[in-house]
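J.: What follows is each chain in one-letter form.
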Amino acid sequence: MAESKVKKKAGLHNGLVYVTQHWQLYVFFMLPALALTIIFKYIPMGGILIAFERYNPIRGILGSKWVGLMHFKRFLSSPDFISYLANTLKLSVFGMLWGFPVPIILAFLLNRIERTGVKKKVQMVLYMPNFISVIVLCGIVRILLSVTGPVNLLLHSQINFMTMPEAWRTIYIASGIWQGAGWGSIIYTAALSNASIELKEAAVIDGANIFQQIKAVEWPAIKSMVIIQFIMQAGNIMSIGFEKAYALQTDLNLASSEIISTYVYKKGLIDGDYSFSTAVGLFNTVINVILLVAVNKIVARMNEGQGL
Amino acid sequence: MKRKGRFARYSLQDKAMLGIGFFLLGLFVIAIVIPMIYIIVASFIDPVTLQNKGITFDFSKWTLTAYRRVLANQQIWVGFKNAVLYSVVFTVISVLVTMLAAYPMSRADFRGKKLFNVIFMITMFFGGGLIPTYLLISKMNLLNSMWAVILPGAFNVWNMIVARTYYQGIPEELREAADVDGANELVFFFKILLPVCTPIIATLALWQFVGMWNGYFDAMIYLDDAAKQPLQLVLRSILIQNKPESGMISDMQSTAQRAQLAELLKYATIIISSLPLLVMYPFFQKYFDSGIMAGSVKG
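As they're listed, the protein sequences go chains A and B.
Just so we're aligned, residue 1 is where the first sequence starts under my numbering, counting upward by one.
Just so we're aligned, residue 1 is where the second sequence starts under my numbering, counting upward by one.
Worth flagging that the hints you see were computed from the coordinates, not collected in a lab.
Cβ coordinates follow ideal geometry from the N, Cα and C atoms, glycine included.
Among the hints, a few may not be true.
[Said to hold, decoys possible] Here are the computed distance ranges between Cβ atoms for each label pair:
no., chain 1, residue 1, chain 2, residue 2, range
1, B, Lys191, A, Thr250, 37 to 45 Å
2, B, Met124, A, Leu76, 24 to 32 Å
3, A, Gly68, B, Thr198, 52 to 60 Å
4, A, Ala174, B, Lys139, 36 to 44 Å
5, B, Met140, A, Phe230, 36 to 44 Å
6, A, Phe230, B, Leu96, 47 to 55 Å
7, B, Leu18, A, Phe230, 20 to 28 Å
8, A, Thr116, B, Arg175, 34 to 42 Å
9, B, Val84, A, Ile82, 25 to 33 Å
[Claimed, not checked] Listed next, the in silico EDC-like pairs over lysine to aspartate or glutamate satisfying Cα-Cα at most 16 Å (straight line):
no., chain 1, residue 1, chain 2, residue 2
10, A, Lys244, B, Asp218
11, B, Lys15, A, Glu114
12, A, Lys90, A, Glu166
This is chain B alone, in the form it adopts within the complex (with noise of 0.2 Å):
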């Protein structure tokens, strides 16, 4: 009974405006759901019926096809160990360096601290662009290879302020009741202090991972051994290009034919590429709020 009785104090007019308020978030929900069950529910109809008629829950006509065909795939299954390969390495480098940083940026006796701090707010602002560091890339010979991907975006200032505030929130007393001299500031940080600070890797691991998992620019400029490309390259040509990887439709006779497959193939494509990040992502859930709040304290 109590919530209805917090309810109860709205007036009329508060009780409308609530009310339309609450019918357009319900739009928006809907809004949101409605393509990715159409999707879900299209990437298993016949391509001649899907073409012609759309979708239909007349299960006769319903196949498995296009998931056949795409787990066949050999170039579907390398872009998703490339992908799992550069998102965990970067993810770890990243938020290893950038919870390293941090610690001194927190706290108040670091010396340096000021003319660090310039360095790093510089590059929020200002940067060579992209064919500067391109050439940079090509010059260190790390066309091709993951480092390219990787290493440039490893250390976030961004995300290294969210740290650095997160840290600060943190009781000094830690650091005192552990009695850290100069000496043993390694042994404190990854013994006393990550520890404390689950939340926060969560989240920055989090961001980095679906950062790099999601993105493709860097790997289109800099990977075009067709080995090397992630997930997200190999979804780009079926998705974006219409370029089916080969063998996905060759087998068929007419031209016709081979484009229903190849639009159908794209629903199937969809799903499987994207249910790896939807499944983990409500286990993530609870850290979103803190992460982010820790973050937008002005430090």
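Same shape as in the complex, but just chain A (with noise of 0.2 Å):
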């Protein structure tokens, strides 16, 4: 025991020594980086205590009244939280059902083209609609669909999609893939061209075909990509974006368009129910935190203890 605490201290002193050698690091490498965190994240954290009160912007988080998980409960007993969770959850689950394969195929497909100068103008292509802005791109969505419309002059119809809840989820979800999947290909198609080339060249001398050359070669090279991309997107299903949803919002869809965040938006900022919204967007981040650690876990046992 005596000589474990003499090996601590001599750890502490070494650590000192390190700590004044390089003080440099601890001061102009982690410094700023460090503020930023602990003003930006780690206090923000401390303002949750709202999501338990009934909070007054007079007497400050420490003074307002303390009322337990009132909130909670009234977000849990009305009738709009069932829709809220469901129109998130079918939003981002159908989301990853259609979009997530995309990039795959887009991928296994570029990597097929011979010709460098034809691929990199498809990829070219295939990219650019990543830097439209999603303001840009929902103006592009309602143009389209809009009752006088390029798709209503092509269908000979009137129909105001916009106004569709059983419309908006295909619209969001299409128009993301329109946008995203080119872009989500670049991590695969990087992992392919580092597949070894021999390798391949063996398969095909072997007279594989491409299902097997694509299960021998293709899918081991980006495999862990595909795996570490699976559980970031389905660890992240609560936390689908606001900036999107909120664009494309009118209030006629509002029945399948209104998810959790954008719920937190109105009843926190627009209305002004501070303590309500936090609890809303407190309840969404512990799902969202249970999710991941959860697909982090069946993916790790369906994957031979490889998670993330």
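Hey, can you piece these two chains together into the complex? The hints should help.
T.: Set out below in structure tokens:
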């Protein structure tokens, strides 16, 4: 025991020597990032307390009245709860089911284009929509789908798509694939180009067909990337973005377009119900953390202990 | 002939599969291009014709009205100016802070690495959320200040991991050759290390710049003042809220004319606002692969 104490002391001493010798690393390199993190990430975590209070801006966080789980109960028992939760889950689960495979397929196809000139041009077009802003994307969607817009002109119809709750998710997901699938394929394309060309040649000589080649060479090259991407997306199911959902909302499609993040915004910053909004946001974050841990566990089990 | 030789090794069945695959890829490419071309063409068409007949290649119906009106509008220029200012300042600060923090985190001998790692990683999964952050910003008197949209997101943990992984790929010898003792880490960092990190700096800069340029949420909640609003908020009122900036259409006599013109202005607004990034992006393209690969290796 005495020995371990001595060791600990020596360790501490060495640590101090290291820090004094390398003080620049702490002051110039780490401090800016650490300060930003503590101020803008950790201090707001303390602000979560207002989810358990009836927050009064004059009294402040520490002086407001404690109400326990009241806001959570109010949210969970409101009829809107199920609807917003379902909208959020459906949007991200369906978005993932449709959207996740597309970049992988694009990467496989891009990898088979043998003329590098053509490949470069195709990639350039595929990546382009990524540089269009959410607002412009939603503006384009609204123009194309408007009652007098080109889609209705083509169909000789007068359907107001943006007011239809049943069309909203399709619009959101399809425009997401339009914008993001090409960009999402980069990560796989890069991994594929790293896959050994010799291995591929060997497989071709052995008379393997395309599917056998994919299974033997290309899939192993991107598998770990696919798993990481899957965990990250599945773990973020509850944190589906605010910006696009809000920009595609109209009063008439709220039945499917009101998701938790837009609700948190409206309750909090438009209605000024700070405590309730914070409680809903916290509920969302906690579910998200649980999902992330669960998905990571499941994938690790399926993948022989290899999670994130 | 070499290319043909390789292709010939596919069996007939494989060729058919590839043919279908490439056909679908072609469809996807066309699906991306057509809306873009439509918007470009439509932006030049006379508003009445556009509403009644859609786009036309009868050039007598083409006009530059929309562009003239959008470019004559002050608010668009204010938006551009703010967007450039915020995006440039944000990118510089963000890349600098990230590259700085990633350096000690990449070193095997750095004491406290584990603790810092935990502190940073937690913020990737858990946070205070919208209202607590908003209350903090307002307590700090940053409402209607550009720092409210710049500082909270300036240090990005994911980007730090990407940069750290990149540093780890640089041979140790570089530091040994420079004979760095604790006192001149900064000199080493700026004079020797950063110059060999151009690909990763370009990648992070591109990500951060595009993110700030294209986002609108932070600006929407923190910046009320019209003079402070970045381009995306101006676009939002024109494209999403159907509220063209005053002066763009107010000289029109009838409501119908105003509505037609407002519609046309959207097209020109989309083109004008998207052009800068779309023109810039091919110059960055060579960095995409290298940067993304650097970040994908588990550190």
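J.: For each hint, tell me whether it holds in the structure or not.
T.: Hints, verified against the model:
1. B:Lys191 - A:Thr250: 37 to 45 Å: violated (56 Å)
2. B:Met124 - A:Leu76: 24 to 32 Å: With Cβ atoms ~27 Å apart, the hint holds.
3. A:Gly68 - B:Thr198: 52 to 60 Å: Because 55 Å falls inside the window, the suggested range holds.
4. A:Ala174 - B:Lys139: 36 to 44 Å: holds (42 Å)
5. B:Met140 - A:Phe230: 36 to 44 Å: At 38 Å between Cβs, range holds.
6. A:Phe230 - B:Leu96: 47 to 55 Å: violated (33 Å)
7. B:Leu18 - A:Phe230: 20 to 28 Å: holds (26 Å)
8. A:Thr116 - B:Arg175: 34 to 42 Å: Once the Cβ atoms are compared, 37 Å apart, the range 34 to 42 Å for Arg175 (chain B) and Thr116 (chain A) holds.
9. B:Val84 - A:Ile82: 25 to 33 Å: Since Val84 (chain B) and Ile82 (chain A) have Cβ atoms about 45 Å apart, the given range 25 to 33 Å is violated.
10. A:Lys244 - B:Asp218: holds (14 Å)
11. B:Lys15 - A:Glu114: Distance of about 13 Å is within 16 Å: holds.
12. A:Lys90 - A:Glu166: Between Lys90 (chain A) and Glu166 (chain A) the Cα gap is close to 12 Å, so the pair holds against 16 Å.
In this structure, the earlier hints numbered 1, 6, 9 are contradicted, and the remaining ones agree with it.
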